[in-house]
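Residue numbers (the working numbering), protein chains in the order written: chain G, 1 to 115; chain Y, 116 to 224.
Among the clues, some could well be false.
Distance ranges between label pairs, derived from CB positions [claimed, not checked]:
#1 G:51 / Y:139: 17 to 23 Å
#2 G:9 / Y:198: 20 to 26 Å
#3 G:80 / Y:175: 43 to 49 Å
#4 Y:130 / G:16: 48 to 54 Å
#5 G:12 / Y:134: 37 to 43 Å
List of simulated lysine-lysine pairs, DSS-like, C-alpha gap at most 25 Å [stated by the list, open to error]:
#6 Y:183 / Y:194
#7 Y:183 / Y:172
#8 Y:219 / Y:194
#9 Y:157 / Y:183
#10 Y:219 / G:9
#11 G:71 / Y:211
#12 Y:211 / Y:183
#13 Y:211 / G:57
#14 G:71 / G:57
#15 Y:157 / Y:178
#16 Y:157 / G:71
#17 Y:157 / G:9
#18 Y:223 / Y:178
#19 Y:219 / Y:174
#20 G:9 / G:57
Don't read these hints as lab results, they were simulated from the structure.
Think of the CB as a built atom: it goes at the ideal place given N, C-alpha and C, for glycine as much as any other residue.
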Amino acid sequence: NAGVTQTPKFQVLKTGQSMTLQCAQDMNHNSMYWYRQDPGMGLRLIYYSASEGTTDKGEVPNGYNVSRLNKREFSLRLESAAPSQTSVYFCASSQLGLAGHNEQFFGPGTRLTVL
Amino acid sequence: EDQVTQSPEALRLQEGESSSLNCSYTVSGLRGLFWYRQDPGKGPEFLFTLYSAGEEKEKERLKATLTKKESFLHITAPKPEDSATYLCAVKYNFNKFYFGSGTKLNVKP
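With the rest of the complex left out, here is chain Y:
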């Protein structure tokens, strides 16, 4: 069964404490893996797209990596404004996406 699983469900970090979020998938015929950030009461906002194993993308304190089975979102020296829910999504055919349930990140000052 096609599935996207994110871990941990929630993560609390101190400001400056680096960590990683995981997105594992069992979807066949991957056509792209997407990371989104969602703030409370708002729609998801696009961060990265990864298409092939070994690919990496960076944006400010965030770095996304992709293997054949999972993706990691590394957060380096996070700040309180990085607090949000991070969603990953897998595109499994031309028009369809599976979303994970997200990791809720809380960065304390």
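Extracted from the complex, chain G is given alone in its bound form:
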């Protein structure tokens, strides 16, 4: 049981390049999330997917797109990378409970540098 996996672990891009960050979970969770973490700012929600086939914007969606490929996989795409997108990106998943969605399980993160 791997939990939440992310690829790649590290990536360096040049301004204007594109790339896709991959995320997969094996816990049969309904909801999946993409966050970015910057020093002193905590985790900020980029996009989330409440269930297969649905996606919604979070706090900081500009410059990103997402795809919920199936229940297991949720990818994040940077179409034209900018230095402001240098950050650590975390994928998370959660399962619906009696009080709504419960705790989130996080992947190990992707460290992205845009030059």
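Following the hints, position chain Y against chain G.
Just chain Y now, with coordinates in the frame of chain G:
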């Protein structure tokens, strides 16, 4: 404006020296407050969920409490292995969470 604030930003303790971390929030319609532990280079790891004022949860040397405006994470007789960044998060609707910027705890032997 909805906000989650953690204090202090950093805390250095001697082994065995108990203390508390604070998470204050101004989010309306709270649907749960979560505490996570994050080790360097890793993703956050879930510790506790609190849903209503007065609720308390414990795990080993950690105890989380919740009021209408804030939550505390009490650390009793900490050990060096408790060194990490502790994050709190507030669920403010069905699917969205606000995270604080964390408290970096360093426990010296």
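Results for each hint:
Range check, residue 51 of chain G to residue 139 of chain Y: Cβ separation about 33 Å, and the 17 to 23 Å hint is violated. Range check, residue 9 of chain G to residue 198 of chain Y: about 23 Å between beta-carbon atoms, so the 20 to 26 Å window is met. Checked against the hint of 43 to 49 Å, the pair residue 80 of chain G and residue 175 of chain Y passes, with Cβ atoms roughly 47 Å apart. At about 50 Å, the CB distance of residue 130 of chain Y to residue 16 of chain G agrees with the hint of 48 to 54 Å.
For the pair residue 12 of chain G and residue 134 of chain Y, the beta carbons lie near 39 Å from each other, so the given range of 37 to 43 Å is met. Between residue 183 of chain Y and residue 194 of chain Y the alpha-carbon distance is near 30 Å, which puts this suggested pair outside the 25 Å criterion. This hinted pair checks out: residue 183 of chain Y and residue 172 of chain Y have alpha carbons roughly 16 Å apart, not beyond 25 Å. Proposed proximity of residue 219 of chain Y and residue 194 of chain Y is supported: the alpha carbons are some 14 Å apart, at most 25 Å.
This hinted pair does not check out: residue 157 of chain Y and residue 183 of chain Y have alpha carbons roughly 31 Å apart, beyond 25 Å. Of the supplied pair hints, the one linking residue 219 of chain Y and residue 9 of chain G holds, its CA atoms being roughly 23 Å apart against a limit of 25 Å. For the proposed pair residue 71 of chain G and residue 211 of chain Y, the alpha carbon gap of about 19 Å is at most 25 Å, so the pair holds. Proposed proximity of residue 211 of chain Y and residue 183 of chain Y is supported: the alpha carbons are some 19 Å apart, at most 25 Å.
A C-alpha spacing of about 10 Å is found between residue 211 of chain Y and residue 57 of chain G, which places the hinted pair at or below 25 Å, so the restraint holds. The hinted pair formed by residue 71 of chain G and residue 57 of chain G meets the criterion: a straight-line CA distance of about 18 Å does not exceed 25 Å. With a C-alpha separation of about 23 Å, the suggested pairing of residue 157 of chain Y with residue 178 of chain Y holds against the 25 Å cut-off. In summary, the hint linking residue 157 of chain Y to residue 71 of chain G is supported, as the alpha carbons are separated by about 24 Å, within the 25 Å threshold.
This hinted pair checks out: residue 157 of chain Y and residue 9 of chain G have alpha carbons roughly 11 Å apart, not beyond 25 Å. A distance of roughly 20 Å separates the Cα atoms of residue 223 of chain Y and residue 178 of chain Y; the hinted pair therefore holds under the 25 Å criterion. Taken as a hint, the residue 219 of chain Y and residue 174 of chain Y pair is honoured in the structure, with Cα atoms around 19 Å apart against an allowance of 25 Å. Pair hint residue 9 of chain G plus residue 57 of chain G holds up; C-alpha atoms about 24 Å apart against a cutoff of 25 Å.
Against the hints set out earlier in the document, violations occur for numbers 1, 6 and 9.
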